[in-house]
Structures are given as structure tokens and as C-alpha cells.
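S.K.: Once you've looked at the hints, dock chain B against the given chain A.
In case you want the letters, here they are:
Protein chains: 2
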Amino acid sequence: MTEARIRLVPGFSWFGKNIGIKDSTLDFGGILADVPCQAAGVFTRNTMPGAPVLVGREHLRNGLLQAVIVNSKNANVATEQRGVEDSRTICRLVAEQCGIDAELVLPSSTGVIGRRLPMDIMVEGCRTLKQDFGKTERHVEGFARSIMTTDTRLKLVSARVGGATILGIAKGAGMIEPNMATMLAYFVTDAKISASLLQPMLGRVVNTSFNRISVDTDTSTSDTVVILSNGLAGPVDPVAFEAVLSDMAVYLAKEIARDGEGATKLIELVVSGAQTAEQALLTAKSVINSPLVKTAIYGADPNWGRFVMAIGKVFQYSVNIAELKIFFGAGENRLMIDAGVLDRDEVPLEQISGELRKNEIHIEIVLGKGLHAEKVWGCDLTEGYVAENAHYTT
Amino acid sequence: MTEARIRLVPGFSWFGKNIGIKDSTLDFGGILADVPCQAAGVFTRNTMPGAPVLVGREHLRNGLLQAVIVNSKNANVATEQRGVEDSRTICRLVAEQCGIDAELVLPSSTGVIGRRLPMDIMVEGCRTLKQDFGKTERHVEGFARSIMTTDTRLKLVSARVGGATILGIAKGAGMIEPNMATMLAYFVTDAKISASLLQPMLGRVVNTSFNRISVDTDTSTSDTVVILSNGLAGPVDPVAFEAVLSDMAVYLAKEIARDGEGATKLIELVVSGAQTAEQALLTAKSVINSPLVKTAIYGADPNWGRFVMAIGKVFQYSVNIAELKIFFGAGENRLMIDAGVLDRDEVPLEQISGELRKNEIHIEIVLGKGLHAEKVWGCDLTEGYVAENAHYTT
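Protein sequence lines, in the order shown, are assigned to chains A and B. Heads up, the first sequence is in the numbering used here, so the first residue is 1 and it goes up one at a time. Heads up, the second sequence is in the numbering used here, so the first residue is 1 and it goes up one at a time.
Next up, chain A with everything else stripped away, as it sits in the complex (with noise of 0.2 Å):
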């Protein structure tokens, strides 16, 4: 069962640490395993990737690794060559630590772009990585903890399948936009499960999950998302394994949404009776998306309109009006805006701002008689993301 508890996962370790990087808070953390794993990630499609996605993509070419190290304060993107002998470095350094190769050490780096890592400090922090790892649960936190940015949460979750255990780990609250994996998540576990089965099956787990959130619409340049499998608790049945996976991903991705920056509430919203797959998808991502959705939900303010303009704004396929209906909450007294009826007077506005006023929001969207939907994840717009976004460097 899928819980947001830490599970230990055999042969994993952890430590979080505060290096100095920016302030005093934890922004050094990595997970070692005892044997080199079978490994699978999903990196940004932005085209400015940063210098660890660079180097993490080229250590995964042969599906294994052994340790991640990851920094927070600082993404080390747009920071060319030298960005990438850094993080070349940095896994040097961590593999010389630990006794293992180089190549099987993934790096990721999150936080201010357009600076260098500082070197001196990040060389420093690696000196003392052997004492550093630990196997309970408070290594396991500390890094989490040492992940997060401008998180107000630590997010984790882990599930038993089989024998074997899985323990998932994110981090993401700004720059978030769907339809790639946009913030960092790690995945551990010891069911034996080769390379070329987990990479397919974290793209697959990936698109339903994290490629379904959504807090601003921007893309982040240091997205990465990775599983490691050390095979300590032998094979599961991989059918099991990815049902499990997903369900875990899904939590993580609803986790990120519910935490996006200045967010008070998790949209839940699925568009169905679309005419295709990808008429789901536009449509769900322009209402999720919509300054104006986004700001109506947050004041509570039943305006249902705001959906119809959302709606419309997918230029590529018609809607029928007299054909959308949009549900208000979950369960079978869910509340029904028929936009096909002409009596307005009908349209229970003040339940529906009841149900706005929950922190946890569900619409589904009724396009037409079409049998494709999709279900996304989103929040509100709120002051507190302006304010916290409007001074984020300095």
C-alpha cells in the first residue's frame, strides 16, 4: 500500500547536510547504494538544460548507478562548460568518497540560475561523505529535507510490491508546467527489475503523473526524475511494480501541485467526452493553466465563465456549448453546470462557491459525447506566489 511514510529500503543510504551554499539551511544530500543499481531517469525537455542534466544523461547511457548527490540554492544552469566540469567534478569527488566509479554517480543541482556552484564550498561538503551516509530514517529526511527550495513540505511516499519495497522522494514548487517531468524525484528500491524494463516504464509512470501538474506554466531547466533498483529482494511481477510506481508518482506530482508557490488549494480537474486524447489534454492544460480559473478558484468566486473562455481558447477543436456541462465536486453530489440550458437562474452558484472554498477542489469538464479523457493537477494563484516570486534572488 501507497503510504507518505518512509519505508527503508536494504542497501540504500542517505545524508542531508548544510554546506554554507546560500544560508544555513540543509542544501547538500545523496543516496548511496551498496551494489551498483539498474537505473532509468526522464530528464527536462527544456532547451537549455542545465549542466547536471547534461552530465546525469550521460552517466545513465548504460542504465546503472550507484549514488546521486544533489545541491539545492543553486541549479548550475546557463553556466556553459565550466557548469559541467563542476558537476564532473562534484561526482568525481563523491565517487572517490564512496569507492565507486565516477560515471555512476548522478548529480543534480536546484536553486538560483545563471551562477557557478561555488566550488570551494561544494569540495568542502564532499570531504567528509563516507561519515556522512547513514541507513535510518532520519538520514532519509535530512535528505529531503536538503532538496527542497521553496517547498513548505517534505514529499515522500513508499509502497511494498511483492518483497520489495519503494521509496519515493521529490522536491518542486515554482517553475512547474505539465507535459514533461518539471521538478526533482528520486525512486529506490530492491526489486530486482532490469534497465531496459524501468526506463520504458518511468517514461510511462512519468506522463500520467508528473507530466500532469501544473503550478505556473514554466518549465523548469533541471527537471529530472530517477528510479535506482539494487535487486537485493529479487524479482516482482513488473505489471505489480509499475501499478505501484504509478500510484506512487501520482501522490508525489499531486504533492508538488498542492505545494506550488503560494498555493492554498490542489485543483483536481478531468476533461472527458473529448473527441480525441489530445483535445483532453489541450483543453485540461488551458483551464488549469488560466490566470483567471486560477484566481476565481482561489477567491471562491463561482464564475463559470472564466471555464467557457479557458475552454475555448484550444483553437484546434470545436465545442458544441450545448453540449458542455461542468461538474463541481466529487461524489454523486457533485454540483452541475449544464451550458446547454438556457435558465441561468438554475446554476446553484452559492454551493458551488462552497465548494470552492475547499482545499482540495474537484472539476471534471464534459466536452461533448467523445470517449477521451484526462485528469490533471493544479493550483490556485494567489498574492503569495507574486510576492514570493517578485524577490526570489536577492
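These are calculated hints, taken from the structure and not from any lab test.
When the alpha-carbon atoms are kept at most 16 Å apart in a straight line, the in silico EDC-like pairs for lysine to aspartate or glutamate are as follows:
hint, chain 1, residue 1, chain 2, residue 2
1, B, K22, B, E124
2, A, K325, B, E80
3, B, K325, A, E80
4, A, K17, A, E137
5, B, K17, B, E137
6, B, K192, B, D34
M.R.: Here is chain B on its own, set in the frame of chain A:
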């Protein structure tokens, strides 16, 4: 010369008044020509256009108009066939009052979506139209005020071309997204110029003015740009006319961006050095619409990494970061960030912050050595946008 003031155009009458659709501010206005005019219009690309847009497209079929009737506070959108009938009824009442054909009346409505027009009030408001119309500056200003919703300033402009005058009036502050006409704008002129010339000319003019602004990526269901030419001043050089009309449209478009909901700054962004015009425009839109860029500019935060991120969101084209340059400010003293230069200590962050504190910001992004460039306008994203839109219907 294009000036931000009223020049009266012979042969046109105006009114603006309050009829109590929502409150006591001006909410009903009109333009009436002494004779049928050659006319052209461009309407929203939103697939759920308002009833007035449907009726307006139909009435413009023959390139002839004699009157425009506009109400604010209610958009008459998502009101189905009854909404269309309401718009037709208003056109018929205006026509009866003014002694013209109902098909020569272009209706517009702007305001909340999803409510029927209060037809008893509208009918009553039409009863005295004949006396309401007048030809003074006060009448023009009344019209300009009556079409405002969340606008904080009048948006009007006029110019002389040859022996003729052109006057343009616009409204718009929210639900503004480039790549289509996104607001209401009316131009009238006494130049003699045929509808068959006016229609393609207006398309070109809109494409480089109203189609290049963005407030919030949301595309209104009511967008309308119309021009009426009564021919009283005789023929003019169409090339000179188009140049002046284009200047006027750019002026009004910038006024709309500057007056974006909650905005404190107008942003003018040029993207040059692109491989294609599409790359230039996609990149310009990605940057001008990025919430993280918009909030950074609001906070005068020289966080140029966010520009890199937003440039990299255009997945269709790759950019060589070694060739990427970003200029802040206008004129010879503008500040450059050369993303290809490694020594980041030379980036003049303090001076860039100073530029970003101005209320009109000029930015140029040079992508590479390509020959294509595009210019767009937008505004910053502030707490004011959120506050204004979290509580708009009620």
C-alpha cells in the same frame, strides 16, 4: 501625427451613459454615422465567441456599417441562441431609433460571462438614443468611458492623414493574450476607402499591434476591432493611411498592456537573431507570458536566469547559449548580459535592477545570427492582478 487626444471626425455621433446594468458607472455607448460606412472587422479566435461577435460577423458580411452599440458589465457570452436574439433585438431597437437598417448595426458586449443581458434595462436604455447621440468631445469621451470594465484609463488616439482624420478608441485590461485581436477597439475615419481595401489592411495592422500584446494569456470571447469609413473627406493614399492606422493601433495596444490588470509596468520585448519569424514570436510570447519573468520584473529582480528558462521552453527550436545575449534598457547605454561569456561577476546586476525599476521597460533578446525579429508588449504580474481577479463576479 498620432496623438493621444480626441480629434472629431466629421459625420460621426457618439454617446455614453449609465443604464444601470450593474452599478451607476457608464455602461452603454454607441457610435452613429450620418451615412452608411465602408467597414471592416477582426474578431476573437476563441471557439466560444459571444453572441455579439456572432451577430457582428454576420452584419459585417457586406462590408457596410452605420452604427456600433456597446454595453459593458455583461459580455452576453455562453448565453446560446437567446443571447443571439438579445443582441439582434438591441440592433433592431437602435436601428428603429436612428432610422437605419438593423443589419448596419454592430453590437458589442463586455463584462461577466454566462449571464443573460438584462433586456428590460437594455430596451429602456435604447428608448432615448436619438437624443443621446452628439458630436462633441464630451460625447466621444462618454463613449470611451462607457466601454471600460477593469480599465483604469481612457484609451484613445487620433491622427490626420491627407485631408482625413482617424479616431481610435479601445478598452481592455484582462483576458488579454497575443496572437489574436484581444479587446474592443473602434476606429472611425472620414477618409474614403473601400471595405475591400480596409479588411485586409485591418488584418495586417491587428497582426502587429493587438496580436502582439499579452496581459495574462487568457483569450477573451468578445474581442473585436472594427473600422468605419464614411468617405466624407474623399480619397487618401492607402499606404499612408495604413501606416498611420498601424501607429494608432500600436499605441492603443501598448495602452492596453500598460493598463493590464494590476500592472505597474509596460514591457516592450524584441526577440531578434531568430532562425524564423515563428521562432522569434514563440520565444517572445514565451518570455512575455512567463509568470516568473513577469514577477521578477515586478520586483525589479535582475534574475536573468528566468529569461534563459523561458527561452528554453520553446521546444521546437534549439538555441546556442554561447550566442545568446539579453539587453536591458533602450538606446546606446543599454546593458548587456552575454550568456556565452563565462565570467558572471561582470554581469551588471545593480544597473539591470535600476532599469527594471522604470515603469516602461525595454528588453531585447538576441537568440543568434538569424535574420528574424518580432516585437511584443506585456506587463508585470503583481498581487493586484490576483486581488482584482479573485473577486470579480460578485
